[in-house]
Every structure is written in C-alpha cells, then in structure tokens.
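We have chain A already, so just place chain B on it with the hints.
There are 2 protein chains.
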Amino acid sequence: MKRPVKKGRVTIPGQEGMDDVIAKLIERWGADAIRDSDGTKLTEYAKSLTDKVYSKYFFSRGDQNYARKNQNRSQHFYLMSERYTAKEEPLSIRMMDTYYDRQVEPEIRYHPSEWWEVIDRTTGCVLGTDQWEYDEERMEVVIHSPSPWHEYTVSFLARQLWDPVHMYNSLTNGWDVEPHMPYNPFFPETRDYLLSRLEEWLDDHPDTDVVRITTFFYNFTLVFNEEAKEKYVDWFGYGATVNPEAIDAFEKEYGYRLRPEDFVDEGYYNSPFRNPSKAFRDWISFIQDFVAELARECVSRIHDRGKEAIMFLGDHWAGTEPYGSRFKSIGLDGVVGSVGDGTTLRMIADIPHVSYTEGRFLPYFFPDVFCPGGDPVAEANDNWLKARRALLRNPLDRIGYGGYLDLAVEFPDFVDRVEEITDEFREIHDRSKGERPRHLSCKVAILNSWGSLRTWMSHQVAHGLWHKHAYSYSGILESLSGLPVDVTFISFEDVIETGIPKDVDVIINAGSAGTSWSGGDWWENEVLVSRLRSFVHRGGGFIGVGDPSAVQYQGAYFQLADVLGVQKEVGFSVNTDKYTDAICRSHFILEDIHEKLDYGEGTSGIFQLHSKVQILDESDGEVKLSANEYGRGRSTYVAGLPYSPQNARLLLRMIVWSSHKERELDNFLPTDPEVECAVYDRERKLIVINNAWSRKAGAISLPNGKEVRYDLFPGGYEWYELIP
Amino acid sequence: MKRPVKKGRVTIPGQEGMDDVIAKLIERWGADAIRDSDGTKLTEYAKSLTDKVYSKYFFSRGDQNYARKNQNRSQHFYLMSERYTAKEEPLSIRMMDTYYDRQVEPEIRYHPSEWWEVIDRTTGCVLGTDQWEYDEERMEVVIHSPSPWHEYTVSFLARQLWDPVHMYNSLTNGWDVEPHMPYNPFFPETRDYLLSRLEEWLDDHPDTDVVRITTFFYNFTLVFNEEAKEKYVDWFGYGATVNPEAIDAFEKEYGYRLRPEDFVDEGYYNSPFRNPSKAFRDWISFIQDFVAELARECVSRIHDRGKEAIMFLGDHWAGTEPYGSRFKSIGLDGVVGSVGDGTTLRMIADIPHVSYTEGRFLPYFFPDVFCPGGDPVAEANDNWLKARRALLRNPLDRIGYGGYLDLAVEFPDFVDRVEEITDEFREIHDRSKGERPRHLSCKVAILNSWGSLRTWMSHQVAHGLWHKHAYSYSGILESLSGLPVDVTFISFEDVIETGIPKDVDVIINAGSAGTSWSGGDWWENEVLVSRLRSFVHRGGGFIGVGDPSAVQYQGAYFQLADVLGVQKEVGFSVNTDKYTDAICRSHFILEDIHEKLDYGEGTSGIFQLHSKVQILDESDGEVKLSANEYGRGRSTYVAGLPYSPQNARLLLRMIVWSSHKERELDNFLPTDPEVECAVYDRERKLIVINNAWSRKAGAISLPNGKEVRYDLFPGGYEWYELIP
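Quick note, the sequences are listed as chains A and B, same order. For the first sequence, position 527 (counting from the first letter as 1) is numbered 527 according to UniProt numbering, and the numbering increases by one without interruption. For the second sequence, position 263 (counting from the first letter as 1) is numbered 263 according to UniProt numbering, and the numbering increases by one without interruption.
In isolation and in its complexed conformation, chain A is listed as follows (with noise of 0.2 Å):
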C-alpha cells in the first residue's frame, strides 16, 4: 500500500532564532500548525510557515503590574503545619517549616482567628481562638496551654506569591525572572481586568488563529517544600481555588459555612484516593460553576475575534473538568493535553463536546531529557507504542509537541524517529477515514466513589506519572485504553441511586482498600451490594483487583466474597484454617498466557472462601487470580494490574470471560499477547501493531476461515486488506 500524505495533524512549538530550523522541521515532520510556549515568542516568518498559528494565553498570571498593585486579590492555598507535639510548656508551631517562602506567605488580610484552625490532632478537637495566637514577626501560631504530649496543627490560609507551574518552568529552565503571581478573578474586579486585557491582547494578536488557553484560572494543587522541591501534587486538585469570598459565597449558596478542615482535610487535602465528603463534592460544583460561567464568557470573546479556543488539559484547570455537566458550557473548540501512555490518551481523545482534540506527545523538549546522557528516543519510543493502541481505539484528531526546539535538535535520532511517528498517525486517519473500528459487544464499567467525572483519571496521582501505590491498578485504565471493549465510569452512587446502567456487561472494582477506587464504607450500603450481587447473579461479570469490596464489616473484609469466591485475611480469621484446592493450570482466561504474572505491588492474605472457586495462580499457598461463578453471572479476581502486553490480553480474556463472550475472541486475537490489530470493517483494512521491542511472528484468525499472517518489526506494525 502507498503512504498517505506527509502533511497536517501536527503542531510543533517555535523559538526565536531558530526560523531555519523550524522550517526544516514544518517539513519533516509534517506540520500544519505552530505554537509558542513559556518563554517563547514566534517570529513573523515562522508564522507564515504554517496554516495555523496557536498562540498560548495565561489568564491568571503574567502582568505582574497588575499582580502587584491587587496583592488583596490573590490567589490562595490552604495549608496544614507539620503536627508538633506539644511538652509541658507553650508550644509554638511555625507553619511555614516545611513550605517554600517565595511560593507561599501566611495571609493575614483575613484575620487569623476568623479563618484559621488550631486543632489539636490527639482528640480531633479545635481550640478555641482564645487558647491560641498568632505571633506575625515570628511567623508562629502560640498555645498557651496545650495539652502536654498531644499533637497539634495549624491550619491556614497562604497566600500564592508564585504560580506553581511558573516557579516548576524557571527553576526546571533556570530562568532567572521575576515570579509570576496569580490573581483571582473571583474578585468582580479582577474579572473585569481579565476580559478587558483579554480584548486588548486579541487586538494585538491579529495573526493568532487558535488561542491556546494555558489555562484558565486555577492551577491543580501543586505545593513545594522549604528547599523548593515538589512537598503535595494533585492533578485533580482543588487547593489553589480557595479564597474567603469564595467560601462566603458558597455559605450563601449552599446554605452551609466551610471550615478549613474540609480543605485540609486532615491534611490529606481532598486526594482524589480518599472517599469525596460532601463538603469537598458540593466546592467542586460551586467551584465549576464559577469556571464555566467565566471560561463562557472568555472562549465567547475569543470566538467574537473569529479566533478557535482550545485549551490545554493541565496547569490551570482546575474547575474545567472536562467530564463535568459544565463542561459543554463554555463551548471550546477543542482540547489539548499532555499524552503520557494510553490512559491519557484516552482522557483526552474521548472528552465530549468539543470539535477535536490534541495531543502533546513526549518527551518534552525540556533540559530534564534533553540533556547528556538523556535518551529521547528510548521516551518517544515508550510514549508511542502506549499511545498508539489507545489511539486505534479512539483517536486524537492531532498530535504535536512542547518546549524548546534548540534542545530537541541537538539530537537528530530523535527528530527522525519523530518524523516516522507523525507519519505513522496521519496514515492511521488517513487508512480508517474516520470510521472507529470493530469492538466487542461487551462493555465495561470501572466502578468507584468518582464514577464519570473522573473518566480515564481514576489511580492518578499525577499526570501519568508511575507511583508505588497506583501503578498495579492504574494498569487496568492503561490496558482498556488499547482494548477492543466500551468503557464507562460509574460511581458507587449512581448504583444506589439509578442502578447499574442497562448495557454495561462487565463492573470492575480496583484499588486498596478505604480509598476512593475501592471505595471504603461505601462498602457498607445494602444497595449497593445487593444490586452488584444481583447484576452477577443474573448474568453479568465482575472483576475485583487488590481490594475490591473491601470494608471491614460484620465478619467479612471484601463485602462481595461470595460473588469473588475469595475473601482476604486481614488477622482477624488467621483462627480459621484456610485450604486451597489445586491450581486450575487449563482456562481461557489463561490462554496466550506464556510468562509468569506480574501483580505489581500484588495484594496478600487472598484465600478461596470456598472450593468451588477456580484458583487460576496462587504465591505461598495465597490466591493471585482466580475466577469463579455465582448464579448465571461469572467474577474474576487478581491481585493486581500493573501495565504490560500481557497484563492487557489477561484483562481482556478476563473480560470476555466473565461476561460469557468468549466466542468473541475467535478471530482478529494475534497469537501473540504483545500483538495487537485494529479491524475496519467499512475500509476492509486490519491494522496490526507489535506492543513489544522484539520481532513478533504469528497468525490472526479470520472470520471466513482463513488467516493474516504477520512478522513485525520490533514496535512495529503494518496495514493488510481484508477480502470479504
């Protein structure tokens, strides 16, 4: 088959002084579009190189005019001190200890008795404001008289003095420049200022043809310590949204007064692995509320000017949330985000209501990578084959990529092996023409406290970043992101309250036990485990990972054992004796299944509850996967999932298992797990891709009986005709 065309689908970034090479590189790798970053400004040539010129936008940051003359229009965080322990004596905590000074200040235009807390961490009591007070010089909050050797924390609120992701940018670039403070248009009249610069820099952007919003107004929580290293990260946080007037705006809405214990929340700050209150749930609305009426306004004066809005999927957008029912509002044209493996992908690509989406490959052209040493090649490589198979499945519309173009090209292997990955994503557009390609009739829920608003963001502590204690359940979203199945997010109220929608076939349940992901007390309803007893009970499948169901209540831990068949010993039953049956070596779940199994962290203590359960592994006589029928419906249980080729066909046999659809598998599986295919039933074209960094041969079944054989390239892949 010929290669599609050369051209289009791509952004790259510009820099000053480099129009030659940027020119060389429009070339190579294809691009239609191009666009500045921090720091960067496009010259006149380089705009006249490509279709379309992204120019990016900061709404709450940048004139430092305007930041220092409003210093009581700021931006806020809620802080925690460290806990001190009180002695026989007045204790003194210094609540800036741990915090990096030119970031954060405590805010004393609020007067500390009124927006501060004291609690004393032992008894979970606060003191009264007559028990504490706050020494301004020395930067210390005084007990008189505490209790001797109980603990205490100080919770308060700290003004920003520096933008996070432009403290990340300057220290990360060495910059040396005057720190970029936020400002708050929560205030009438900061909003007011924010439309009308936005006005004058439309007018002097007459060239710009897609405004790249980075971002809006709020950045996720991003908070450094005393030697400005990274102390508290949470993507999906909300830290940087509060500010008194804000809270007493929601005291009026919602009819109840936030207390600065629901913002730090024991100092967990609302993570997204902690089951949401009611408080943090109801902020996040007014907090939406707020973005989207404001984001409305701006795109609608953006679209005045005939200009796109797109904005970027990070930095400033706490609020936006894409998934959210406010979303549509604001009337984007698009989305652009950071693609850092499948699952990113996905979150991007699948976003609702806008006209297309973008993706910023890596590695990012910062000196991080792009250094001696640094092997860009080896991260656009990993980058590229998680992102591809998410991409068969639901593709982005563009690519690109980010940082500075005089780092990227001192490394010419890299700006090869990127002129062969843009040229492979336009040949999958160019190939499918738009059609999506065949999947199977099953379709499955990922079931948590979050449910759709956390769509493709769910075990995430940061932007695709690998953690300890996320990476062996984030490898379910990660392989999903590739596979042939439907995907929806429901939360553990959305069962209590409407059921289990009519066309999931498969729930999966995935995470440590008491978080979000698991779920916690949630545990504990009758409705909920009686309706997911009942779906399985009738037909449907459920897969536990880790924790699944996991509660410690009235003599169970996972409160769907009996759907599980495997309960897990937490020391409370190490009385009853536990007997495993022999391993079930032959299943379908483990056909194409050479290698040994890799749980990631795994989970320990998994017992069979009772001898009818098939175990499929087992480590130190503990259950590692199993699968087990209850009524007409089948569950599956593993210990854990962390991302691999294998780990992704495990899943998908485990899906088609326990939603009774093995037949499904029948044609269009490569034989070999790392392989994957696309089929384009409209087209007749079958795209067959090789997830590994090894030569891959081996055969895919056909419907009409006869078969594709392939031979790949390590990452490689290829495109066949189908005969009908």
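Worth flagging that the hints you see were computed from the coordinates, not collected in a lab. These numbers come from a predicted model, not from an experiment. From the three backbone atoms N, C-alpha and C, an ideal C-beta is built for every residue, glycine too.
Only pairs whose alpha carbons sit at most 20 Å apart, straight line, appear in this in silico EDC-like list of lysine to aspartate or glutamate:
(1) B:K468 x A:E618
(2) B:K278 x B:E261
(3) B:K87 x A:E629
(4) B:K229 x B:D368
(5) A:K612 x B:D97
(6) B:K468 x A:E569
(7) A:K87 x B:E524
(8) A:K468 x B:D617
(9) B:K468 x A:D617
(10) B:K578 x A:E227
(11) A:K87 x B:E526
(12) B:K7 x B:D423
(13) A:K612 x B:E82
(14) A:K47 x A:D406
(15) A:K468 x B:D581
(16) A:K468 x B:D620
(17) B:K612 x A:E82
(18) A:K24 x A:D51
(19) A:K231 x B:D577
(20) B:K706 x B:E718
Covered by chain B, per the in silico footprint, the following chain A stretches (three or more residues, Cβ under 8 Å):
(21) 149-155
(22) 463-477
(23) 564-573
Just chain B, lined up with the frame of chain A:
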C-alpha cells in the same frame, strides 16, 4: 570438666508390652519418672523402674457410661453457619454444611428461638424470631422473607459429641474407639460426679505419685469441618466453655445477658488477634472463677491422698489461665507443657505459683513424624536449639517426652540424640546449681491489648505452630525467650489506668494493624499516646514492629509516628512526596549483622517522617529498619522480625540502643550472632551455645580485658570456668 550425673529430671512415656525397651531407655535417658498416655497403661514392672509414676487423668471425658446417660449435661459451642446469600425467595440455611457431624450437632434441648440468633450480615440486624424457624429434620433454618441479595448467618448452639482432642488423637492414630463425649461440670450433678469419680480413681491408683491432669474441664476451641479436617483452632479459646446454664449464671453475676454474637463475634469467635470485647473479657473472668474454684477442690483431694497434682498446659486448660489472677488459688504442684520453641518453653518456665515446671519436648512419638521418610532427629534438633537458649534464661525443672515408645525405638538415631539432649539438659542444672545467669539491666515490656494474661502467648494461633500472618511478629518473643533481658507483658489498659511500670526501659508494640497485638482503636486514646510519648521523651525506649500504634485517625496511621520517625502510606497521602535520605550504613544496631536482613512478610509503605530519622535499611525506597531520637529517648522501627539467630541479635541491639545501654554489650557478647552465652557469676561459669547448624569459632570479651575463644560444633556448646 567432668560430665555431671546421668540421671534425673526426665520423664518418659510407658507402654504395655515394652518393658525391656522401657528399662533400657530409662537407663540411657536417665529418666526418674514414667507416665502413661492417652490409650496406654503402665505395667507394674515399668512403674517399679523410676522414682515417680505419673498418671494422666481426664476430668470431663472418658466415662462413656456417664456421658451417654447425661447427654443433657453436655458441653457446647456457639457456632456460626456459613454466610448464605438470599435470592428472591425463602432462604434455607443448612447450619451443619461445613461442620463434622460426628463432632457436633445442633442443640435443641434449649429452644432455638431463645438461644439462637439469625443475623442479616448485610445490615448487621438481628432477625426477630417470627422471621425464621428451625426445621429439625432437615437441620435447616428457614427465613421466610429475607431481603433479596443480603447475606444471612445462623448462630446456633451446638452440642459436642466428640471431645476434640480425643477425636484428633483417634483420627491421627487410626484408633477404632467410641468417641469420648465431654460432660460439663457446670451442672452441679456433674460436678459431684467428677469429684466422686476422682476419689474412686485415687483409690484405684495407689502407685501413682503424680496426677498428671490432662486437663481440667474445657478444651481450647477446636472445631472440625465436614471432612473431619481442622476448621477452627484457638489454643487460647473459650469456645467450649459456653452453655446456657453458665450464660444464665453470668447474667445474675454480671448484670447483663450475653448474646450468641458475643461468642460468635461475626465468625471470628473472639480470636486472640481481636481486641477483646468487654463481654468476652467478663466471660473469661467468669469462667476462670468457675474453673479455679472446682480445680482447687480437685487438687486438694489429690493432695489429701499424698499425691502431687500437675497440670498439662494445653487440651482442657481453658479458664486455668496460668498467668491469670486465679491460678495461684488452684494450688497445683507443677505444670507440664509441650515445648514447641523458646517461646513456649518460657510460657511454661515462667509460670508463677508452682513448685516445678516440666517441658514435654518434640517431636511427640506419633505416626505423623515417626513414619517412613520421617526425620525425628531433625525435629528434635530444631526443637532443642530453640529451647536451649530459652532454658538458659529460665530453666524448666524437668523435661520429658510423650507418645508411643514403639514408634520411637524404630529410630535408633533418635534414641541416641535424646540421650545427648537429656544429658545436656541435666548438665545445665548441675553446673548452674540453680543460679540464674547474668542479664542486662534493661527490662522490656511487650505492649498489647492482652497484657500479662497472655504472657509469652502473643501472636500464637495454635501451640508453637508457624503461621504466615504471625511468624513475622512471633519471632520477637522467640528472640526474647533466649536474650539476657527481663521481659514483662503490659496492656493498653494498664498504661491508661496505672501508667508505665517504673522499671520498664523499653516498650515493644508489634503486630498487624487492627489486631489486638498492635492495638487498633486503642491508639485513639489520648492518655495512652501521651504517656508513651512522655515515657520516650524522658529517656525511655520504644520499638515498633510491623504496624505499631496503627489506626487511621486524624491524619495519621501510626499514631506514634513522631516517636518512631516513620509513617505508613496506606493510600491517602500518595499525593504527598516522599523523600528517602541516604541509608546509614554504620550504626550500633547493625554491628554483627552481615547477612541480608529478613523481615518475614515485612511491611510495605513505610516512609521517613523527617530527615532526622536514621534509615538503617530500605527496599524500593521504603523504610525497613530505622532509628530515631525523641527527646532524651530513642525509638526504632523494623518491618518484621521472624526468628533467626541474626534477628535475635538485631533485636538485642535494638533494645540496648533504645535504652541507651550500649556499654552493656562491651562484654559477654560472642562475635558470631549465631552464638550466645550465659554467665553464672556465683558459680564462675560460662556456657557458650551455637544456635546454628554450622561450626562457629570466635571470641567473647571478658570484663577483665581477656577473652574466651570458642570453637563449637554445629549446634554444640561448651562450658568455661571464669577466673575473676
């Protein structure tokens, strides 16, 4: 030095038809006492060969005539059925599903509607008696209109048809005998019968010098499943002490009525790994009162005949509680128990208020070990090495063996090895002349929910048996059993009510989160945590193993994280960055440790709380061993401590460092961690033992500046004279 005397302090089992063998073994093993076993009798000749004759005596089983005629005075359990999930129809629960019908049957002499409980385990609600009925013929409880998809259990009173130890012995040895049915002395008639039968028996046994009570009235909890395999075992359990009359009497005395759930405990049956409820603790007191009073009466009748009364530590020992407040009143002359390791040896040897203690060494002469392919010598060696180091700390007065001689004599190597062991045992007594060896000036307290009642008993599922969920903690007691430190056991209640004993230098809290050994909810108690912080801050030591002070409360998982310097990630603080400082490779605690440390099951997710803590070992960026200064005190953390000679040395160093007594290890510390010594100052003797099965040569520094050089065979020992 000359070998000491060859006779005394040893009891051997006798058996009919083996008089020649017995005579030879008495000579070779130096036995001065002979005993019968379950199923054996002694001949007149055999009895004439030793100074003393022990006769076993069973109180609550053995007279089948009485048992059959008095089935209304049986013993019982409260058992819980399996969990049944209701569908949209009446639910039948077969209570005997997973029980052995020759061991138990549902008791209907006491009306089910009054004595049983049907519980909806999905809501925790108890069903009204109008909602279910018992079908006697089918042995099923029928719930008329259950809530669909809820789980239900029946807690039912079960009559014991077969004494569990008699059953175990019968099945293991293949005896074809009528099951011994236990009878219950809580009935005044049975009490009278027991006493009169004892008098008769004493009349019939004029040759008996020592009545070996095997044992009193109620067996530890031991329940078998439908295949006659062990289903539930709790060596410390009170399951078999339940009966309706006792529950009525309890109500009169304690002023409240116990429910079936107080015994069934969600199916955990008050496992010692559970924090004991008030009801269960009251029940233990109530049963202790009853058992001690009747046992005292029995013992006094034995004494009246001029015989000694010793109790077997095990079997029907429920309620005797050797470390309880009523034990002294029983007036026993001695206790004999099975020595599974150093811990169980100390459990016997440390028992107060008796004139002597005797250890029955392993292996027991039973066909499970004494069979083709069995290796009784290896078991005896392993047993002896663990026991010997504990023996040196607190010697048993006597040792012995049990079981069937005809099995043992088939293994001549074993007979030889026992001859060496009995000699070595007597030599310790002969050379030390009753002196207890020198110990360090620091006292260790094990802190858990049970305190002194479970002295040397924590983390045990069944006597001395390895358990995956316990060995990483039971290694602490096993290590301590042979270390030169005083050990005491205190409870959280002790600390809260009366404070930490003045003579305690180091406190150890060890266990899995939520268990009675770690403490669970106790750690929310402000007095407890305050007293511990104060204790350490003023100079005390604290050692945490596994999940010390663990309960999720007020933003902390380890409540004493400030003392320990480490905290555990359980999923809520994944957004907080963790930094691990460099490993500290040179530390007092690590001296002598040359092999990779073994933490058993270990504990994951441990991270440093601040950079002042010293990380002594880590894995995957997580802390495994650490040391922290807290005020004038010190604290150490270790992820698990299964027993090994190296871990015993590690624990010794942790204790000594935590109590600031490093100088006490300047002398009398063998250079090999596998070698230990005991110093008898009065007798001016030193014994050096090799706890490893490899030859060890090294040195021991003496206070006079000289040193003892040792060169020991595998498992060997040597005595030395100390010149002042």
